[in-house]
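Peer 1: Residue strings, one per chain:
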Amino acid sequence: MWLGAVTANLSRVLTEGPTKPSVTADRSQRRATNRKRRLPLALLLVPVALVGLGVALFLILGGNGAGIIGGGNDDSDVVPEFDFTAGRAKAVATAPEPDTETLEAEAEAIGEEITPLLDDLYTNAFLDPANWREGDYEEVLAAFSEGAASTAQQSVEVLTLGETAGDVYERVTPEKGSIGFTVLFDPAGSPNTAVARVRFSALGEHSDGTFTLIVSKGELFLRDIDGWQITAFDVTRQDRQAQAPPPSPAPSASASAS
Amino acid sequence: MTRNRHLGLPAALLAAWVAGSTLGAATPPTTARAAPIFQIEQAHAEHIPVLDGSEPIFVLLIGSDARPGEDPALARADSIHILAINPAKAKATIVGFPRDAFVPIPGSGSNKINAAMTIGGPEKVVETVEQATGLTMDYWALTWFEGFKTMIRDVGGLPMDVPFDVFDVLAEAELTAGPQVLTGPDALAFARARHALPSGDFGRSENQGRLMVAAIAAFRKEFSKDPSRLLTWIGAGSRNAQTDVPLDELMTLAFTATTINPKRIVNIVLPGSVAMAGSISIVSLNLTTLDAISSDLANDGLLKKANIPPSPNASLVGSET
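Protein chains in written order, with our numbering: chain A, 1 to 258; chain B, 1 to 321.
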């Protein structure tokens, strides 16, 4: 679907954008940075969580140590690890006689710089239960430039798991993610625009035991505006019903076989 | 299965004729040339084009009659079109000037409009058109025979539904009606042929507009298949262009081009009548219509239905349908 109506207010997207810190290469550091913004809420929740933890321990352990709440291994709140598999980056020169080798190397480096940003973007958009359970995708929208943010906000159901995903899914786990880059260089050899071709899929489990394969495909246009930001995008969702994944072998099974 | 698509691409255009032709079809050029095959520039140093969609964008597209060895920017301008784009509505208008239109050329009295470029280059053509219409051009783009053919060849041909047979020995045109992929020489022949057209140069100017629409359509189709190709086409276009327009601006223009629906492009030629100025055969433009069209374009880049003149090739199109 072409959204011609929205293009007008995005026409400066490629040349303007708010100040934004660069992406930190270290993923754990980035996550820590992201989490800092939640600190006040976390402080409020700490006493509640402690009380809750006490109640839970009491219920689980009971008087005789037998678990009342089954399993004890619920990982539905854990953020699944996800990293895109990056393909080769292509350089596009605008200078009449470009230094192709240098530009190709630069394009690769830019791809490596952007990939962690998109790892985080898709993790925040589809995989982090704290986001999709609440339908809160503030971290996702932060990846878009000022001009593109309003369109991204309007497209949140396509760009993320959706605002009501908490009612739909019990658990979401990543399946596949591949990414490729094309980088346009200006005549002076500086990067102007990068396009990331993204293919992402994840398996969403519903409460009734059925599954949906969540598929997101598209192109993201990024520019380095005090850090790489998405200035435009063309994203398609192709979700479909899926079979239950084959059960993973229990660690104890191999042990007992030997 | 759910299938939702969202395109949040920002708007813009490179001179659609140039962008469309150069950036428009299947295979990008793989080599850069020492000599450019087209030129695009801002029309005025002191006028900053507004590309945020709030105002129409005006590009003056000039086809030079230069032969090999001649300076294209100082030859006669045998193809002159205003491309007016309304980014907010994703619509555009192409207005062709008959090359023999007799108009005042600033500082040089009155003459055929195609002489303006021999007097003062593309800038003089801009000045002349602006004086005639009251519009302010944002950009001008110039190409010439060899450049035009090369562009079409480099993009693997131009898909076009030729509306009627065009056989013109002088223009080397041998085209039968119907959808086809025009080669560079074919496209040039279609753009030049006038002897086979009952309305002569008026019909030819409209056909040149048709090529521009076809180029925009091809560019848009290519972009919709793979948006990342935009960068490839911009790169190829830039390597083959002579321009001082910043890359960001070209990107914005190219994005705008992708938003224009070819079916919503109105392609007209300014009406007029053949007359004589001394011993020279000229075209006397219908000034009432020119004023009405100019006023419409100044407003939003689009024409009111009442001001759209009849197609000079109407009888030919009718005979084929």
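Hints listed in this document are in silico derivations from the structure and should not be mistaken for laboratory results. The structure presented is a predicted model; accordingly, all values stated were derived computationally and were not measured. Among these hints, one or two may not hold up.
Unchecked claim - Computed Cβ-Cβ distance ranges for the label pairs, DEER-style:
{"no.": "1", "chain 1": "B", "residue 1": "A306", "chain 2": "A", "residue 2": "V168", "range": "38 to 44 Å"}
{"no.": "2", "chain 1": "B", "residue 1": "L74", "chain 2": "A", "residue 2": "E146", "range": "50 to 56 Å"}
{"no.": "3", "chain 1": "B", "residue 1": "P179", "chain 2": "A", "residue 2": "Q154", "range": "36 to 42 Å"}
What the hints assert, rightly or not - Here are some chain A residues the structure puts well away from chain B; computed CB gaps all over 10 Å:
{"no.": "4", "residue": "R171"}
{"no.": "5", "residue": "T193"}
{"no.": "6", "residue": "R197"}
{"no.": "7", "residue": "E219"}
{"no.": "8", "residue": "D234"}
{"no.": "9", "residue": "P247"}
Idealized CB from N, CA, C, for every residue including glycine.
Peer 1: Work down the list of hints and note, for each, if the structure agrees.
Peer 2: How the hints compare with the structure:
no., hint, verdict
1, B/A306 <-> A/V168: 38 to 44 Å, "53 Å, violated"
2, B/L74 <-> A/E146: 50 to 56 Å, "45 Å, violated"
3, B/P179 <-> A/Q154: 36 to 42 Å, "37 Å, holds"
4, R171, "19 Å, holds"
5, T193, "6 Å, violated"
6, R197, "6 Å, violated"
7, E219, "5 Å, violated"
8, D234, "5 Å, violated"
9, P247, "26 Å, holds"
When each numbered hint is compared with the structure, violations occur for hints 1, 2, 5, 6, 7, 8.
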